[in-house]
Every structure is written in C-alpha cells, then in structure tokens.
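Chains as they are written, first to last, in the working numbering: chain A, 188 to 756; chain B, 14 to 317.
If you're looking for bench data, these hints aren't it; they were derived computationally from the structure.
Predicted, not measured: the structure shown is a model, and the values here were computed from it.
Keep in mind that a hint or two might mislead.
To be verified - Away from chain B, derived, C-beta distances all over 12 angstroms, residues of chain A:
| no. | residue |
| --- | --- |
| 1 | Gly280 |
| 2 | Pro429 |
| 3 | Asn493 |
| 4 | Ser530 |
| 5 | Ala627 |
| 6 | Leu696 |
To be verified - With a cut-off of at most 25 angstroms between alpha-carbon atoms, the simulated DMTMM-like pairs for lysine to aspartate or glutamate come out as follows:
| no. | chain 1 | residue 1 | chain 2 | residue 2 |
| --- | --- | --- | --- | --- |
| 7 | B | Lys225 | A | Glu621 |
| 8 | B | Lys225 | A | Asp605 |
| 9 | B | Lys206 | A | Glu577 |
| 10 | B | Lys225 | A | Asp592 |
| 11 | A | Lys581 | B | Asp207 |
| 12 | A | Lys581 | B | Glu147 |
| 13 | A | Lys389 | A | Asp706 |
Claimed, not checked - Going by beta-carbon spacing under 10 angstroms, a handful of chain B positions derived as facing chain A:
| no. | residue |
| --- | --- |
| 14 | Tyr208 |
| 15 | Glu210 |
| 16 | Thr215 |
| 17 | Pro229 |
Glycine is no exception: its CB is placed at the ideal position from the N, C-alpha and C atoms.
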Amino acid sequence: MSAEALPLLQVTDLATWFHARAGVVKAVDGVSFSLKRGEVMGLVGESGSGKSITGFSIIGLLDLPGRIERGSIKLEGRELVGLPPGELRAIRGKAISMVFQDPMMTLNPMLTIGDQIGLALEAHESVSGAEKRRRSIAALAQVRIPEPDIKIDFYPHQFSGGMRQRVAIAIALLHRPRLIICDEPTTALDVSIQAEILAEMKELVAELGTALIWISHDLATVASIADHVCVMRYGKIVEAGPVLQVLTRPQHPYTQGLLDSLPSRAKPGAMLARGAGTDAAPPPRLPRQAESGRRSADLPYVVIENVAKRFQRKSGVLRLLAQKAGLAGPLPLVQAVDAVSLSIARGEALGLVGESGSGKSTLGRMVAGIYAPDSGHVLLDGERVMSEGEAPHKITTRIQTIFQDPFASLNPRMRIGDSISEGPLAHGLVGRAEAVTYVAQWLAAVGLDPAFAGRYPHQFSGGQRQRVAIARALAMQPDVVVCDEPVASLDVSIQAQIINLLIRLRQELGLTLLFISHDLSVVRHLCDRVAIMHRGRIVESGPAGEVYDNPRDDYTKRLLAAVPVLPVA
Amino acid sequence: MSQALPTKEPLPAKEVSPTARFWAEFRESKVAVGALVVVVLMLGVAIFAPLVAPQNPYDLANLVLMDARRPPGFIGSAGYTHILGTDAQGRDLFSAILYGLRISLQMGLIAGSLAFTVGVTLGVGAAYLGGRWEAFIMRVVDLQLAFPAILLALVLSALLGQGKTQLIAALAAAQYAYFARTAHGAASAERSKDYVEAVLSTPLPAWRVVLKHIFPNCLPPLIVVATVQVASAIALEATLSFLGVGLPVTEPSLGMLISNGFQYMLSGRYWISIYPGIALIVLIVAINLVGDRIRDQVNPRLKR
Numbered sequence: 188m189s190a191e192a193l194p195l196l197q198v199t200d201l202a203t204w205f206h207a208r209a210g211v212v213k214a215v216d217g218v219s220f221s222l223k224r225g226e227v228m229g230l231v232g233e234s235g236s237g238k239s240i241t242g243f244s245i246i247g248l249l250d251l252p253g254r255i256e257r258g259s260i261k262l263e264g265r266e267l268v269g270l271p272p273g274e275l276r277a278i279r280g281k282a283i284s285m286v287f288q289d290p291m292m293t294l295n296p297m298l299t300i301g302d303q304i305g306l307a308l309e310a311h312e313s314v315s316g317a318e319k320r321r322r323s324i325a326a327l328a329q330v331r332i333p334e335p336d337i338k339i340d341f342y343p344h345q346f347s348g349g350m351r352q353r354v355a356i357a358i359a360l361l362h363r364p365r366l367i368i369c370d371e372p373t374t375a376l377d378v379s380i381q382a383e384i385l386a387e388m389k390e391l392v393a394e395l396g397t398a399l400i401w402i403s404h405d406l407a408t409v410a411s412i413a414d415h416v417c418v419m420r421y422g423k424i425v426e427a428g429p430v431l432q433v434l435t436r437p438q439h440p441y442t443q444g445l446l447d448s449l450p451s452r453a454k455p456g457a458m459l460a461r462g463a464g465t466d467a468a469p470p471p472r473l474p475r476q477a478e479s480g481r482r483s484a485d486l487p488y489v490v491i492e493n494v495a496k497r498f499q500r501k502s503g504v505l506r507l508l509a510q511k512a513g514l515a516g517p518l519p520l521v522q523a524v525d526a527v528s529l530s531i532a533r534g535e536a537l538g539l540v541g542e543s544g545s546g547k548s549t550l551g552r553m554v555a556g557i558y559a560p561d562s563g564h565v566l567l568d569g570e571r572v573m574s575e576g577e578a579p580h581k582i583t584t585r586i587q588t589i590f591q592d593p594f595a596s597l598n599p600r601m602r603i604g605d606s607i608s609e610g611p612l613a614h615g616l617v618g619r620a621e622a623v624t625y626v627a628q629w630l631a632a633v634g635l636d637p638a639f640a641g642r643y644p645h646q647f648s649g650g651q652r653q654r655v656a657i658a659r660a661l662a663m664q665p666d667v668v669v670c671d672e673p674v675a676s677l678d679v680s681i682q683a684q685i686i687n688l689l690i691r692l693r694q695e696l697g698l699t700l701l702f703i704s705h706d707l708s709v710v711r712h713l714c715d716r717v718a719i720m721h722r723g724r725i726v727e728s729g730p731a732g733e734v735y736d737n738p739r740d741d742y743t744k745r746l747l748a749a750v751p752v753l754p755v756a
Numbered sequence: 014m015s016q017a018l019p020t021k022e023p024l025p026a027k028e029v030s031p032t033a034r035f036w037a038e039f040r041e042s043k044v045a046v047g048a049l050v051v052v053v054l055m056l057g058v059a060i061f062a063p064l065v066a067p068q069n070p071y072d073l074a075n076l077v078l079m080d081a082r083r084p085p086g087f088i089g090s091a092g093y094t095h096i097l098g099t100d101a102q103g104r105d106l107f108s109a110i111l112y113g114l115r116i117s118l119q120m121g122l123i124a125g126s127l128a129f130t131v132g133v134t135l136g137v138g139a140a141y142l143g144g145r146w147e148a149f150i151m152r153v154v155d156l157q158l159a160f161p162a163i164l165l166a167l168v169l170s171a172l173l174g175q176g177k178t179q180l181i182a183a184l185a186a187a188q189y190a191y192f193a194r195t196a197h198g199a200a201s202a203e204r205s206k207d208y209v210e211a212v213l214s215t216p217l218p219a220w221r222v223v224l225k226h227i228f229p230n231c232l233p234p235l236i237v238v239a240t241v242q243v244a245s246a247i248a249l250e251a252t253l254s255f256l257g258v259g260l261p262v263t264e265p266s267l268g269m270l271i272s273n274g275f276q277y278m279l280s281g282r283y284w285i286s287i288y289p290g291i292a293l294i295v296l297i298v299a300i301n302l303v304g305d306r307i308r309d310q311v312n313p314r315l316k317r
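My request is simple: use the sequences and hints to build the entire structure.
The following block contains the structure:
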C-alpha cells in the first residue's frame, strides 16, 4: 500500500480509563475512526462524553490515573500507543499539535509572545536568534495578527482573548504539523471573535493541508468547519458521517435528541422537544400583598431611566497624595453602563444581548438591586428598587435574580432547603411552621425530589443546582426575575430542560423577565423583545422577530452574521 | 427513543455533610491524627489535673522541704514515687506540670478566643463595610503587624501589671491582628461571590448576610490561624512568665516552672527545667501539626 492511500490517523478500538479510588471510569471506551490528509473532523459531545480525553490520548498528554487500556493510534502507519515518552515528545508539537480552550492557561504570563514562539521553535529545530525572530513574526502574520513585528514583544495579558487564541494557533502551526487537535478553542470567546477564528482556521487548514480534529460541544460551530463529524456519548461514538448528513438526517436517537434540544431549531416560545423531565408540580402561590396598589397594565412596568455605572480602581494613600500634589492623574474609569434607558411591560420577557464587557451583567445587577447605579434609577411599578441616599440598599423583594453559575450562586455551607426558605422567612412570607412544606412544594415545582431539601449544593449536578437557584429566586414570589445567563454553563440537553422550566414557570406565574444572554438563539426562543448592548449602551431594541430579521444597527448586523448556523434539512 | 437523552440527571451523591467529609480527609494523615490525640490527651489531663496528679502542688501543707530537688524516681516521704523528681520547694514535678499545663492551656485558649472574636469582627466588618472604615481598620492592623507580637505583649503586660486578666488582654491585643487580616482577606473574596450577591438581591438584612453567609465560608482559613495562634499564645505566655512579667507566682504556668528550674540547670538538676520544657514543646508542636493538616486540607491547591 502506498503512503498516499494510508489514512493520516487511524484510531482503532481506543479505550482510555481512569483508575480512581472510587472505581474505574471508562472515559473513552472503544472509539474507532480514521482521518485523511487535510480532512477536518468534528468531535461532538456533552460534558463527560470523553471527547477531550480522546484528543489527549492521541497527542499523548494523559495524566495519571488516566491510561490507554487498549486499542491503537496510528499516525501514517506508525503506532503511537506504547511509544516511550521521548519519542512521543518528538512527535508532539511537530507532527501533531494541540490548541486548548483557554489560551490564558496555556500561555506563560511571564514570557513575551516572541519568547514563547521561540521556545516552541527550539523544541524541534535549532535556529539562530535572528532567524527565530523572523519566523516568529511570520507565524503571527500567518494567523492575521496585525503589526506582528510590534506585537511579538507583548506579554499575553496585553492581548485580548481572541488574539491570545490566535497566538496559541500560531504556535500549533509552527512546525507545519500534519494534524492539529483543537479542544473547544472558541468556547471562551465572543461570537464575533469565534466567527473570525473559525473563518481563519478554515482558510489556514485548506492552505497548509493540515488535518484538523475540532472538539466541541457546539453543533453549529462544528457544522461550519468540519467535513466529518463523530458524535460521542459515554465514551463511545454513537454516530459518525459527513456533517450535512449527520446534522440533517441523524440516525441515532441521541443525535436527534441533541438537535431537538437546540432552541434555534424550535418555534420561539414553544417547549423544546427534548427538554424532558419538567413535568413537575405547580408552583405554590401565596396571597399577594399590595395587589390593590398596582397601576394599570398598559403603563411600563419596569422602568430603567438613565442608569449609569462606572468602575474605578481605588487609589491608594500614596496615589491620593500624588494626585493632590498634581503629580499623578486619576486612575482610568471604566464606564460599564452608560446612561441606559429601557422599559419592560408587565408580563413581557426582554432579552438583553451583548458580548463580554458590554455591561449587560452590570445593568442586570442594577435592575436586581445588587449594585446601586451612579446616576439614574430603576422603578418597578412606580416604586424605587433601591433606596436613595448615602448608602443605597434594595427595598423591594418583587425583583429576584437567577445567576449564571449554579456552582457559585448557592452558599456551599447551607442546606438547599435553608437557602430556599431563608428569604421568605426573613420577610415573613411564610412562618417557621409552614417553611418545610413551602420548600417541598417549590422543590416539586422545579422538578426535584422534595426529600432533597436537607442536602448540600455539592451533592447536586449543574442542572439540578440551577433548579434549586430558580426555586430560591421564585420562592420570594417576585413579579420580575432578572436571569443572568441562566443556561450558559449547562450542557445542551440540560439547557433545554431549564429553558422549558423557565417557560412553564413564567406562564404559570405571569412573570416579567429580564433575560441576559450572549446566546442569540436562546434569547430569540424565550423573549418577546430584545435589546442589543454594546460598550455600555443599548444600540438597538425592538420586538425579537424584527431585530433578528431586519437589524438596523451595524453592530447588530455584525453580531447576527457571526452566529454559526446549523444546516437545515 | 425515550432513553436517548437522560430525562433525569444522575441522582445526588450520598448525603455527607461538609464536616463529615472534613473528618474523613483528616483521618488520612497518621501524623495529624497522632498529634490530635496528643492535644486531646493533654487537654484531658489538664482539665482533670486534680484527679490525675498525685499531689496538689499549691497546697503548702503537702510540701516537704526534705524532698526538695530530688531526681526523677525518688520515693518521697509521702510514700509515692516522684516520677519526674521534685523542685526547689519539694513539689512533685509531675503534678506541677499537670497544673501548669492547665494554666498555660487556659491562657492560650481564652486569649486565642478573645483575639479571634475581636479580630474576626474587625476583619469581616471591614470587608463588608468597605470604603473609609475598611481602609482605617486595615491600616491599623497593618501598623500593628509591623511590630513583633512579643514586643507588644511585653510592653502591654509591663503597662497593665501582673495578673491573669491583664495577661489575657495583652496576649489578645498582640494577636488579634493576625485574625483580622486573614478574616478580611477571606471575607473580601467571599463578598464578591455570586451567592452573596444572590442574598443581597433577595434582600436579606446585613447582619444575616454577614453571619450566615460570609462568616461561615471564611471559617476554614480562620480555623488554621486559630490553631497556630493558640499555640503561639501559649508560647508567648510562657516567654513572658519566664521573663517574670507574665503571671503572678501564685499561678505557676509551664513558663514559670521552666524559669524556676533554670537556676539549677548548671548544678546538674536538669529535671526541674527540662520536663516542663518538654511538656511545652510537645503541646505546641502537636497543636501546630493539627493546624498544618487543616491548612493542607483547606488549601485547594493541595487537593487531589
């Protein structure tokens, strides 16, 4: 057989197990696939499916207690399994290289970009100093970094996230590897940066003839870059084939389920087909206080008026003295939110969309009464959310918050039942005697076993914790809920369940939502109106359908164009 | 079809409270368990000293001057063996050490708790209030940390005079700053976490946020500081008593026993100083070993 006919990479029956104290974890269990020269393969799966471990196994970066149990990995016919560490090192970075999710973790903060590229060059070649610099600059230019001859002397912290990822890609491409493995390379990046990286990666791979394994949880990004796709679950490949075929005519029920979990493929506002497990009890209602004092329904319900927030690093004593003496200027201000005015009608869901640093979370926290605005104010039904004066504090309980990270938003030292009942007890919504029943009703309403009330947050999975966090917020019987990226850190199928839960609870309780997200498809699915935020300002707002179909603002247009789309059957 | 996606997520792990997990991990270090046993044992004999000790060393009627400065193993006129010998007044040294241990531990624990309460209140309060209060409290703490604790304790006990209360005040004043700084650091980190923002958005009264949410999550590093500071309070008290500015002669702690025997060291009667010294060292090392283990456990960088 000629070398040309041989596949570049042949993985046969690969099994990588972790021998932990609690038992054997079969992270990868019998995976086989092959990759031709210059081919792009997508490896898709939810967390724990074994997709990253497959990548690590190929490049030989497994940490104990992980071990390749059986199977073979052949690169151009050469067996990699069982190769001594020295020989693996000679292959790693030269024939196969890897790009990781978080470039801040893989770049050394103490070395300049040039030094790091130089080190990577020296690992496999002996080059002179001048040659090193020339090739480093060329490498940066190749990944479209502007002014590479200046940027080469920068440190990683001087780059943005997207630029850092480009540097990581430049290093991976340095020795013209035959295979690059990218492990969630755009997950930590904003959509517009992701779109750029995807486009550049596609060009580079075509230009250099490098094969690529693109590991991701996101079907849409994989669809936009890969030729072939393998869907993994529980350490096994459940379905493989050409991207278009797998994503438009999925054969395996798991793939079908994954696709059905995506809000972008469902009718806006409808329950997601695969978000099962939300057939729960109705939420407990309490007799509302101050029902009579409500204003008429057609007036704006939540009014955000000229709200602004700046963040400034605190000046130390020395700096204050220097400022007084005119030796130093004030520290730079970060204008997080710049005079934003918005209103939400009663029962409406407003989606607040923006990329990281746009100020959307800061605005959400001001609406929720966690941060006091520097100027302007937020009114709910004509009442102020925060008190006025020197030290403003929140004075209403009618706005509650659900946070992004359910691992951080629950007190780790408090039983979840106490977390849920604490607020209602403190505000006299329920008495001590009824608290236990009330908590049980809420747990049932969010689809959890009421018997879990005595457990601690660490005993729950991410989706379950998010249900607890939802119960805690809603147990305060709010009229308005600020949701700050409530599904961003969840797997697709769990995300679908939480979205369905939110849709159901919103209907049953008649909630008004401020839904903050970077994910345009989730917002379109859940929200009636959207507001697009960019650099602390609202650049465009209107009914969801209108903004998505006919964006008027340039930034909105760019943002919408950057979202990767799934092929439609 | 229905089994294609997990309709239910995996059931929660077996119910283990954070405390139970902590002990399960603590038990993995044999050295730490041994040290803990020693600490508990010494606490036990100190509390029950009147029952364990063969003699009440403070009851002058029990002392026989003829038995003074006898070596370990000497059978005294009362008929029992002085296993660690006797001191200059004919006291049974073993009994004196037990009673001394009692006073030393008492001083260390009371001064430690006082320093803990004051320091943690200041530190957590500063972190929660922020702004000018935070700056003021923490600069005072920084200023104090610039001086060695022993110097401060010496000056204070010289100013306040001798006595248990005065010494406790001096020790606590010298040590609260360590608690304040640790508490401030931990509380500042906790304050910006999502779960604190969640209860701020409920909203809950400030005292509840601080006591129920911020404080319990600051405890791990504070427990470490507390164990180390109790040990260092005991050492500090022993130093002051050795120098004669600590406790009055009527309350002989370990430090004073060492001091009393010091003059006989060169005449070969080593035991009067050495045995109380050994007791002091064992106690301090054991407490520190327990503290080290807790520190390793609460440090996420050392977690497997």
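Results of checking the hints against the structure:
1. Remark: the non-interface label on Gly280 of chain A is consistent with the geometry, its nearest Cβ contact in chain B lying 28 angstroms away (cut-off 12 angstroms).
2. Every beta carbon of chain B lies more than 12 angstroms from that of Pro429 of chain A, the smallest distance being close to 21 angstroms; the non-interface claim holds.
3. The claim that Asn493 of chain A is not at the interface with chain B holds, since no C-beta of that chain comes within 12 angstroms of its own (minimum 22 angstroms).
4. Every CB of chain B is more than 12 angstroms from the CB of Ser530 of chain A (nearest about 20 angstroms), matching its label as outside the interface.
5. No beta-carbon of chain B comes within 12 angstroms of the beta-carbon of Ala627 of chain A; the shortest separation is about 16 angstroms.
6. For Leu696 of chain A, the shortest C-beta to C-beta distance to chain B comes to about 17 angstroms, beyond the 12 angstroms cut-off, and the non-interface label holds.
7. Between Lys225 of chain B and Glu621 of chain A the alpha-carbon distance is near 21 angstroms, which keeps this suggested pair within the 25 angstroms criterion.
8. Between the alpha carbons of Lys225 of chain B and Asp605 of chain A the distance comes to roughly 11 angstroms, so the proposed pair stays at or under 25 angstroms and holds.
9. A hinted pair counts as satisfied when its Cα atoms are at most 25 angstroms apart, and Lys206 of chain B with Glu577 of chain A qualifies at roughly 24 angstroms.
10. Restraint check for Lys225 of chain B and Asp592 of chain A: satisfied, since their Cα atoms lie roughly 21 angstroms apart, inside the 25 angstroms limit.
11. This hinted pair checks out: Lys581 of chain A and Asp207 of chain B have alpha carbons roughly 17 angstroms apart, not beyond 25 angstroms.
12. Of the supplied pair hints, the one linking Lys581 of chain A and Glu147 of chain B holds, its CA atoms being roughly 22 angstroms apart against a limit of 25 angstroms.
13. With a C-alpha separation of about 23 angstroms, the suggested pairing of Lys389 of chain A with Asp706 of chain A holds against the 25 angstroms cut-off.
14. Restraint check, Tyr208 of chain B versus chain A: the minimum CB separation of about 5 angstroms is within 10 angstroms; hint holds.
15. The beta carbon of Glu210 of chain B is positioned within 10 angstroms of a beta carbon in chain A (closest approach about 5 angstroms), and the interface hint is therefore held.
16. For Thr215 of chain B, the interface hint holds, since its Cβ comes within 10 angstroms of a Cβ in chain A; the closest pair sits about 4 angstroms apart.
17. Given hint, Pro229 of chain B at the interface with chain A, holds; its Cβ is 5 angstroms from that chain's nearest Cβ, closer than 10 angstroms.
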